[in-house]
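K.L.:
Residues per chain are reported as follows:
Number of protein chains: 2
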Amino acid sequence: MRQSQLFTKTRREAPSDEVSKNAILLTRAGFVHKEMAGVYSYLPLGLRVIKKIENIIREEMNAIGGQELELTALQDKTLWEKTGRWSDEVVDVWFKTRDDNYGLGFTHEEPLTQIMTEHISSYRDLPVYVYQFQTKFRNEARAKSGIMRGREFLMKDLYSFSRSVEEHEEFYNKVKGAYEKVFERAGIGDRTYFTTASGGSFGDKSHEFQCVSEAGEDTIYITDKNKKEAINKEIGSEGVEKKAVEVGNIFPLGTKFSEALELCFKDEEGNKKPVIMGSYGIGVSRLMGVIAEVFSDERGLIWNKEVSPFQVHLLAMSRTVLDKAEEVYKKLVSSGVEVLYDDRDLRAGEKFADADLIGIPTRVVVGNKYKESGKLEVKERTEEESKEMTLEEFNAKFI
Amino acid sequence: MRQSQLFTKTRREAPSDEVSKNAILLTRAGFVHKEMAGVYSYLPLGLRVIKKIENIIREEMNAIGGQELELTALQDKTLWEKTGRWSDEVVDVWFKTRDDNYGLGFTHEEPLTQIMTEHISSYRDLPVYVYQFQTKFRNEARAKSGIMRGREFLMKDLYSFSRSVEEHEEFYNKVKGAYEKVFERAGIGDRTYFTTASGGSFGDKSHEFQCVSEAGEDTIYITDKNKKEAINKEIGSEGVEKKAVEVGNIFPLGTKFSEALELCFKDEEGNKKPVIMGSYGIGVSRLMGVIAEVFSDERGLIWNKEVSPFQVHLLAMSRTVLDKAEEVYKKLVSSGVEVLYDDRDLRAGEKFADADLIGIPTRVVVGNKYKESGKLEVKERTEEESKEMTLEEFNAKFI
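Chains as they are written, first to last, in the working numbering: chain A, 94 to 492; chain B, 94 to 492.
Just so you know, the hints here were simulated from the structure itself, not pulled from any lab data.
Possibly wrong hints are sitting among the right ones.
Reference listing, derived: stretches of chain A covered by chain B, where coverage requires no fewer than 3 residues with Cβ under 8 Å from a Cβ of chain B [said to hold, decoys possible]:
1. 164-175
2. 205-218
Some chain B residues flagged as far from chain A (calculated, every beta-carbon gap over 10 Å) [unchecked claim]:
3. GLY123
4. ARG191
5. MET209
6. GLU259
7. LYS274
8. SER479
All residues carry an ideal CB built from backbone N, CA and C; glycine is no exception.
Bound conformation, chain A alone:
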């Protein structure tokens, strides 16, 4: 994409109404726009990051047999009354409509369990794993962590429906593996801990994936650094204390929802049993916020290759090299590289500053040197020094 066509502008100053690093940087770089506390629009660069993260998650959920669907935001009171979760005393984050008949989904166990009653009746219909990317709504009192804690936010939620505890646990472990792959690909694998927490419906435990960050609102105690294991402070305090952000969770639901909504199956002997469920979440927009928090420096954002809005930021250093830069742009695009091409009529210093702020991992400069020797100046966002290479050398290395 030509940067002259991109409508968003970067800003030098931090927005006055933000305190979190992710919101400050993402706003300055033109990735998001704050509509109100905890409610952000995604501008073209930001939406590209969201879609990249979404695709990583989709690939890993499909790989373990997940079927994608999409439920609704509007929720019917009568359904949630059956599980006792309509009450504001039980769930204090509901957004509800004026007539008090509808809520905006903050999670989707109830409607999905209801749907499954129409499709599951026999042991032959199980197991089933479904997931969605859904905009969730939670009327959080404190929404000051930018896109890490939204009142409207994008979430991937997966639900499992199993015949037995053993079948449930087998899938639960598969999800653990898939989540590790997601966080690895998102670049936070080495700082994300599989954290035991309270709250599961079988016995006692659920699990969180906690990414170590000073911006975190949770406290974890690292019990095994090599195995990347920790415990949430709600269940103990032995180990290294760290601030962390919950980027994912996996949660045994037992038969809580299947019993309340009568989701049963007949086993091989003809006995009627409630389905055993689990839920598994990843906050997509939160994950983007965490990446912005932990991979950034005083100059701006630093995306890794898999989630960056573009793979290459191509800069034309002056008007006199525009025709050459144009050639390089077209060649890279035709090789299948996603390029943001800074073809704007601006000073070199402004272009460098914008490139650092936006944070695309690889910067390629077409300057006077290119006209003379055919050498591009290639620099990784994480490095200080650029390397000179021809377009052919760059292509060979990059593609």
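Chain B: place on chain A using the hints.
P.N.:
Relative to chain A, chain B alone:
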């Protein structure tokens, strides 16, 4: 995908609470689930159709320079009060929260115009074209047309920001062309009319794309069948009277929103002027509903190639051919064909009935004949007779 893994089941009976053909067929075939009147979840097959339509539209919007973003559902009262559209007397379809501070977006002129005030200040920043796929909310009194009139529904909305009436009109005509391509690719091009209606902000007119269907709630008069032109009955009654469904609209907004929210630019002489806007919608879920209405028969749905959830429905006729069918499935998938493979242990008659109900355009049967002669039975959903061909012949024809 293996049909034995697909969790949705088809139904022989029409749901008792539906009157529209699209909702009856889409529910019976397992594409959608009704949460309440006008609110539908999209199950795996249905979501695949939505994504196909979305991709067609995305390609055509990108081709005319559209930049994709994503605004929010939650809307802030204070913004909409500035344009006078917060009032329930002006807009009677608002869903609002209990505290009356937030609404759920039924359209997005206000927040987008507000965002643009931060990015547009000079004639050099214009023109700009942005679009999104957004879930909209409209508390419609009568929501009985299935997914053709939702209270929660998916819409593509594009907005243009131009310097002059001429620049606006040039883009307006480009959108007209892009919309014609979208409806052509969706299979309804030959029955969709460019219809003049009231309501534009320059002078008097806006334009709708009306798809002729008995299920339509609008009445149009066809003024030129060859040019596919019509007028809405609100502005005249000359020509052939037809029932039709509005599948798209293009709408000049003039300076209504830019003046109310102070979106201005400095022209080349330094004069401050309000930006000229247009809005352009396509109801994505409605379009899916219209396709279901107009392309279906007594046996079920009939998708065209571009919007079908899968390209090929492969049927294994008995257990004895399962290994052969498995081979064909793997070869087709490895050739890049999207295949729904009916590997279930069911009678042939049930498989044929389900294939007709689901409506994938090409059905490929692996029966005993395949074991003997290597001949598949290939039938288009729109035809009565099947043709015999080898897998190689099928691949050569299909790919």
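K.L.:
Do three or more residues of the segment 164-175 of chain A come closer than 8 Å to chain B, measuring C-beta to C-beta?
P.N.:
holds (count 6)
K.L.:
Measuring Cβ to Cβ, find out whether LYS274 (chain B) lies farther than 10 Å from everything in chain A.
P.N.:
Holds: least Cβ distance 21 Å, greater than 10 Å.
K.L.:
Taking the minimum C-beta separation from GLY123 (chain B) to chain A, is that value above 10 Å?
P.N.:
Nearest chain A Cβ is 8 Å from GLY123 (chain B), so the label is violated.
K.L.:
Please settle this one: ARG191 (chain B) was flagged as non-interface, so is its CB more than 10 Å from every CB on chain A?
P.N.:
violated, 5 Å
K.L.:
Against chain A, does MET209 (chain B) keep a CB gap of more than 10 Å to every residue?
P.N.:
violated, 8 Å
K.L.:
Does the no-contact call for SER479 (chain B) survive, Cβ to all of chain A over 10 Å?
P.N.:
SER479 (chain B) clear of chain A: closest Cβ-Cβ about 30 Å, beyond 10 Å.
K.L.:
Can you confirm whether chain B covers the segment 205-218 of chain A, using C-beta to C-beta distances below 8 Å and requiring at least three such residues?
P.N.:
It holds, with 6 qualifying residues against the three required.
K.L.:
When you look at the beta carbon of GLU259 (chain B), is every beta carbon of chain A farther off than 10 Å?
P.N.:
holds, 20 Å
In this structure, the earlier hints numbered 3, 4 and 5 are contradicted, and the remaining ones agree with it.
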